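S.K.: Given next are the chains, with one letter for each unit.
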Amino acid sequence: MKSGVLKRLLPFLTLFVLFISLSIASENFLTTTNLSAVVRQTAVINIMALGMTMVIIAGAIDLSVGSILAMGGLLGTMAMEKGAPIPAGVAVGIAAGMFWGFANGFLVTRLKINPFIVTLGTLGIVRGLTLIISNGLPVHQIPQGFSYLGEGTVAGVPFVLWILLLCAAGVHTVLEHTRLGRYAFAIGSNPDAAYYAGIPVAFHTTAVFAICGMLTGLAGMIEASRLMTGQPTAGTGYELQAIAAVVIGGGSLRGGEGTVVGTLIGAFIMGLLANGSDLLGISPYVQQAIIGAVIILAVTVDELRKRKGV
Amino acid sequence: MLLSLEGIQKRFGGVTALRNGNLAVAAGEVHLLMGENGAGKSTLMKIVAGMQAADGGIMRWQGQEVRFLNPSAAAANGIAMVHQESLLAPHLTVAENIFLGREGNSFLVPRRRMMEAAARLIAEHHFPLQADWRVERLSPAGKQLVEICRAIQHGSSLLIFDEPTSSLSEAETQEVFRIVATLKQRNVGVIYITHRLEELRALGDRVTVLRDGETVHTGPLAGLSRQELIRHMVGREVAAIYHREPVAPGAEMLAFDAPGLSFTLRAGEIVGLAGLMGAGRTELCQEIFGVARHYHGALRIAGAPRTIQSPGDAVAAGIALITEDRQRTGLARGLPISHNTTLASLHRVSRGTLLDHPAERRLTQDFIERLRIKAESPRQLAGRLSGGNQQKVVIAKWLARQARIFLFDEPTRGIDVGAKVEVFELMDSLAREGAAILMVSSELPELIQVADRILVMRRGRLNGELPGRTTQEEIMKRATFGESEQAIQ
Numbered sequence: 001m002k003s004g005v006l007k008r009l010l011p012f013l014t015l016f017v018l019f020i021s022l023s024i025a026s027e028n029f030l031t032t033t034n035l036s037a038v039v040r041q042t043a044v045i046n047i048m049a050l051g052m053t054m055v056i057i058a059g060a061i062d063l064s065v066g067s068i069l070a071m072g073g074l075l076g077t078m079a080m081e082k083g084a085p086i087p088a089g090v091a092v093g094i095a096a097g098m099f100w101g102f103a104n105g106f107l108v109t110r111l112k113i114n115p116f117i118v119t120l121g122t123l124g125i126v127r128g129l130t131l132i133i134s135n136g137l138p139v140h141q142i143p144q145g146f147s148y149l150g151e152g153t154v155a156g157v158p159f160v161l162w163i164l165l166l167c168a169a170g171v172h173t174v175l176e177h178t179r180l181g182r183y184a185f186a187i188g189s190n191p192d193a194a195y196y197a198g199i200p201v202a203f204h205t206t207a208v209f210a211i212c213g214m215l216t217g218l219a220g221m222i223e224a225s226r227l228m229t230g231q232p233t234a235g236t237g238y239e240l241q242a243i244a245a246v247v248i249g250g251g252s253l254r255g256g257e258g259t260v261v262g263t264l265i266g267a268f269i270m271g272l273l274a275n276g277s278d279l280l281g282i283s284p285y286v287q288q289a290i291i292g293a294v295i296i297l298a299v300t301v302d303e304l305r306k307r308k309g310v
Numbered sequence: 001m002l003l004s005l006e007g008i009q010k011r012f013g014g015v016t017a018l019r020n021g022n023l024a025v026a027a028g029e030v031h032l033l034m035g036e037n038g039a040g041k042s043t044l045m046k047i048v049a050g051m052q053a054a055d056g057g058i059m060r061w062q063g064q065e066v067r068f069l070n071p072s073a074a075a076a077n078g079i080a081m082v083h084q085e086s087l088l089a090p091h092l093t094v095a096e097n098i099f100l101g102r103e104g105n106s107f108l109v110p111r112r113r114m115m116e117a118a119a120r121l122i123a124e125h126h127f128p129l130q131a132d133w134r135v136e137r138l139s140p141a142g143k144q145l146v147e148i149c150r151a152i153q154h155g156s157s158l159l160i161f162d163e164p165t166s167s168l169s170e171a172e173t174q175e176v177f178r179i180v181a182t183l184k185q186r187n188v189g190v191i192y193i194t195h196r197l198e199e200l201r202a203l204g205d206r207v208t209v210l211r212d213g214e215t216v217h218t219g220p221l222a223g224l225s226r227q228e229l230i231r232h233m234v235g236r237e238v239a240a241i242y243h244r245e246p247v248a249p250g251a252e253m254l255a256f257d258a259p260g261l262s263f264t265l266r267a268g269e270i271v272g273l274a275g276l277m278g279a280g281r282t283e284l285c286q287e288i289f290g291v292a293r294h295y296h297g298a299l300r301i302a303g304a305p306r307t308i309q310s311p312g313d314a315v316a317a318g319i320a321l322i323t324e325d326r327q328r329t330g331l332a333r334g335l336p337i338s339h340n341t342t343l344a345s346l347h348r349v350s351r352g353t354l355l356d357h358p359a360e361r362r363l364t365q366d367f368i369e370r371l372r373i374k375a376e377s378p379r380q381l382a383g384r385l386s387g388g389n390q391q392k393v394v395i396a397k398w399l400a401r402q403a404r405i406f407l408f409d410e411p412t413r414g415i416d417v418g419a420k421v422e423v424f425e426l427m428d429s430l431a432r433e434g435a436a437i438l439m440v441s442s443e444l445p446e447l448i449q450v451a452d453r454i455l456v457m458r459r460g461r462l463n464g465e466l467p468g469r470t471t472q473e474e475i476m477k478r479a480t481f482g483e484s485e486q487a488i489q
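Residue numbers (this note's numbering), protein chains in the order written: chain D, 1 to 310; chain Z, 1 to 489.
None of these hints come from the bench; they were simulated from the model. As the structure is a computational prediction, the values presented were derived from the model and not from experiment. Some clues are possibly wrong.
[What the hints assert, rightly or not] The following label-pair restraints were derived from C-beta to C-beta distances:
#: 1; chain 1: Z; residue 1: His294; chain 2: D; residue 2: Arg254; range: 44 to 52 Å
#: 2; chain 1: Z; residue 1: Arg328; chain 2: D; residue 2: Asn28; range: 39 to 47 Å
#: 3; chain 1: D; residue 1: Leu111; chain 2: Z; residue 2: Gly7; range: 33 to 41 Å
#: 4; chain 1: Z; residue 1: Arg328; chain 2: D; residue 2: Val157; range: 43 to 51 Å
#: 5; chain 1: D; residue 1: Thr153; chain 2: Z; residue 2: Arg351; range: 34 to 42 Å
#: 6; chain 1: Z; residue 1: Glu124; chain 2: D; residue 2: Ala293; range: 39 to 47 Å
#: 7; chain 1: D; residue 1: Phe106; chain 2: Z; residue 2: Thr16; range: 28 to 36 Å
[Claimed, not checked] Computed far set for chain Z versus chain D, every beta-carbon distance over 12 Å:
#: 8; residue: Asn70
#: 9; residue: Leu87
#: 10; residue: Glu228
#: 11; residue: Ala314
#: 12; residue: Pro336
#: 13; residue: Thr342
#: 14; residue: Asp356
#: 15; residue: Lys374
No residue lacks a Cβ here, since even glycine has one placed at the ideal position from N, Cα and C.
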C-alpha cells in the first residue's frame with residue numbers, strides 16, 4: 001500500500017518541484033500564453049505516449065509511431081484538400097493510424113517476429129510510402145477551420161488539452177477497468193502464463209497495437225492542424241520521445257508495468273524541461289542532453305526502488 | 001567447523017525472511033537443511049553463497065569471520081551452490097554453462113577442451129545430456145543436472161544443494177545421492193536442502209530445521225523420527241501419511257484416444273499418471289490442453305467429441321492445466337495475487353464490459369482464506385510468495401474459473417510437507433464435488449497415496465494400469481520395461 005503511494009508520488013513530486021522552480025526562475029513561465037504553449041506542444045507527444053503506454057505494458061514496443069503520425073496527418077489533410085469536410089478528414093487520419101497499428105500487431109502476432117524488428121521495419125515502410133504518396137511535398141490547401149483542432153480554445157483552455165484528457169481517461173479506463181487492459185498487463189508480465197490461462201494473446205496484442213495506431217493518427221491530425229500543413233516529414237524522432245515519456249512515468253520495457261498518470265507526468269516533465277530551457281535561454285543543444293540525462297535518472301531511481309524490494 | 005552461521009537476519013522490505021538463522025557444518029559432513037516453504041532455507045543459503053547480503057549476524061568460514069559481497073567471492077573461497085530455480089544462460093551450450101566464468105585466463109575460450117571436459121563429466125555420472133546441447137531446449141530436470149555438473153566440476157570445499165531432486169527421475173535422483181556420498185568421502189562439506197525425509201536418512205549426518213526464519217532444531221539425524229522432524233518443521237502435529245478414501249466414480253468426463261494411449265477420466269476420480277522422464281506425460285497434458293499436438297488423439301468431453309486447438313478452447317471446455325513449470329507458464333510474477341487469481345475468469349468479476357474491482361478483491365480474499373495462502377493482501381505481487389503459496393495461487397486461478405477437469409502436472413514440485421497435504425486435500429475435495437482429476441507425478445509414494453488408479457506411460461504409450469493401492473516396484477517395472485521384458489523379469 002505504502003510503496004504504491006510512494007511510487008505514484010515520486011514522478012508527481014518531480015513535476016511539481018520543476019513547476020515551482022520554473023515559476024520562481026522565470027517570470028514569463030506562469031502566464032496563460034506560456035502554459036497554453038506548453039500544453040499545445042506537449043499534447044501531440046502525450047497522446048502518442050498514451051498508446052505507447054498500452055503497447056509497452058503488453059511487453060512490446062512501437063518504433064513506427066513517428067512515421068504513422070506523418071502518414072495520418074498527410075492522408076487526413078489530403079482528404080480535406082480533395083473537399084472532404086473537416087471531421088471526415090480527421091477520421092481519415094485516425095483510420096490510417098489504426099490501419100498501420102493493426103498491421104504492426106498482425107505482423108508481430110502472426111509472423112511471431114519481435115516487435116522491435118517489426119516496427120523498425122514499418123517505421124521505414126510507412127515513412128517511405130508517405131513520401132511516395134505526397135511526392136515529398138506538403139499539403140497546403142486546408143480549410144481554415146481545421147486550425148481550431150490544434151489552436152482553438154474551449155472554456156479558456158486549449159482544445160487539445162480537452163482531447164488529451166479525454167484520451168487519457170479512455171486509456172486509463174481500458175487499462176484498469178476492462179479485460180483488454182488486464183490481459184495487456186498479463187501478456188506483458190508473462191506471455192506464456194497468459195497463453196496457458198486461455199487468453200487469446202494474439203488478438204489482444206493486435207488490439208493494443210491498433211489502439212496505439214489510432215491515437216497516433218489523432219496526434220498526426222493535431223500536429224497537422226498546428227502547422228496547417230500535411231507534412232510528409234512530420235514526427236521524425238517522436239517515437240523516442242513517446243517511449244521516454246512512458247519510461248519516465250514508471251513504465252517498464254520488460255512489460256507488465258505502466259500507468260496513464262505516470263505517462264502524462266513523464267510527457268509534461270519533458271515538456272517543462274524544454275519550455276524552461278527556452279525561457280532561461282539554455283541552448284537547444286544543451287536541452288537534448290538534459291532530457292537524455294533525465295531519462296536515465298528516472299529509470300535508475302525506479303530500478304533502485306524495485307531492487308530494494310519495496 | 002568449515003562454516004558456522006550465528007543469528008543471521010535478512011529482511012526484504014517489510015517481510016522478515018530470516019530472524020535468527022544458525023547452522024554449522026564440518027568438512028566431510030552431509031548436513032540436511034529442512035523446513036517448510038518460506039521458512040528461509042533458500043535465503044540463508046543464498047547469503048552463504050554471496051547472492052544476498054545479511055542484515056545481521058555472523059558468518060564464519062574456516063574460523064574466519066567473512067562477508068561475501070558477490071557469488072564470485074564465495075566461489076573463490078570454495079563454496080558452490082546448486083540452485084532450485086535454474087540460473088543458466090539458456091542460449092549457451094551445456095558445456096559453456098558448466099564452465100561459465102571459469103573459462104581460464106587466456107583471451108580465447110578453450111572450446112574443445114571445455115567440450116571434452118564436460119562430456120567426461122556427463123558420462124561419468126550417466127546423465128542424459130550432451131555437452132553441445134543448448135540449455136534452452138532442456139527440461140527442468142535437464143537444467144538441474146547441468147547445475148549439478150557446474151557445481152561439482154571445480155572442486156569446492158562446501159557444496160550447497162537446494163532441493164536438487166524435486167524435478168529428477170528415480171535413476172537421476174540415485175545418481176545425485178551417489179555424488180553426495182562421493183563428495184563426503186572427499187571430505188567436502190555438503191548442505192542439502194530437501195523435503196524428502198526418508199530418502200536422505202542413509203546419507204545425512206546432521207539436520208537443521210528452520211521455521212519462520214528461525215533455527216528451531218539442530219542435531220544428529222540418527223534417532224530422529226519422522227514425526228519429530230515434521231513437528232519441528234510445522235510446529236504442530238500433522239498426519240504423517242495422507243490417506244484418501246476413494247469415491248464411487250460417476251459419469252465419464254474426458255476420454256482420450258490415440259494409438260496405444262487411450263484412457264478415460266470420470267467424475268470423482270483421481271487418476272495417477274506415472275512414467276519416467278521423457279515418457280511423454282507432460283506432452284499428453286499439453287495435447288489435451290490444446291498447447292501442442294504430439295499424439296493426434298481424439299478427445300471426448302462429457303461423452304461428446306470435441307476439438308481443442310488452443311488453451312482457450314480447453315478452458316472453455318472446463319479443462320484446467322496446472323503446469324509443471326509454474327514460473328514460466330503458471331504465474332505472472334509481476335502482477336498482484338488478485339490479477340493472477342482472476343486471470344482466467346474475469347467474466348465473473350465484471351459488470352458489463354467493466355471490471356468490478358471490489359468483487360475481484362473479495363473473490364481473491366475468499367481464495368486466500370480457503371486455500372490458506374500466506375499473503376499480506378490480494379494486492380501483494382505473486383512473485384513475492386513462497387513456492388507453495390505460488391502453487392496455491394495457480395490452483396486458485398482454476399478454481400475461480402470453476403473448471404471441471406483438472407490436469408495436475410507435478411503439483412507438489414518444490415512444495416513442503418504441510419503444503420503438499422493441503423494440495424492433496426484440495427484435490428480430494430474437488431473430486432468429491434464431481435471434478436475429474438489427472439495427476440502426473442514422479443513422486444511415487446504420493447501417487448500411491450492419492451490416486452484411485454494409476455496409468456503408467458512408457459515412451460509415449462500406456463504400459464499398464466494399476467489399482468491405487470499398488471507398490472512403487474510395480475509402477476517402476478511398467479515404467480521401465482516393455483511387455484516382453486516384463487515377462488522376463
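S.K.: Output the numbers, in ascending order, of every earlier hint that fails for this structure.
M.R.: 1, 2, 3, 6, 7, 11, 12, 13 and 14
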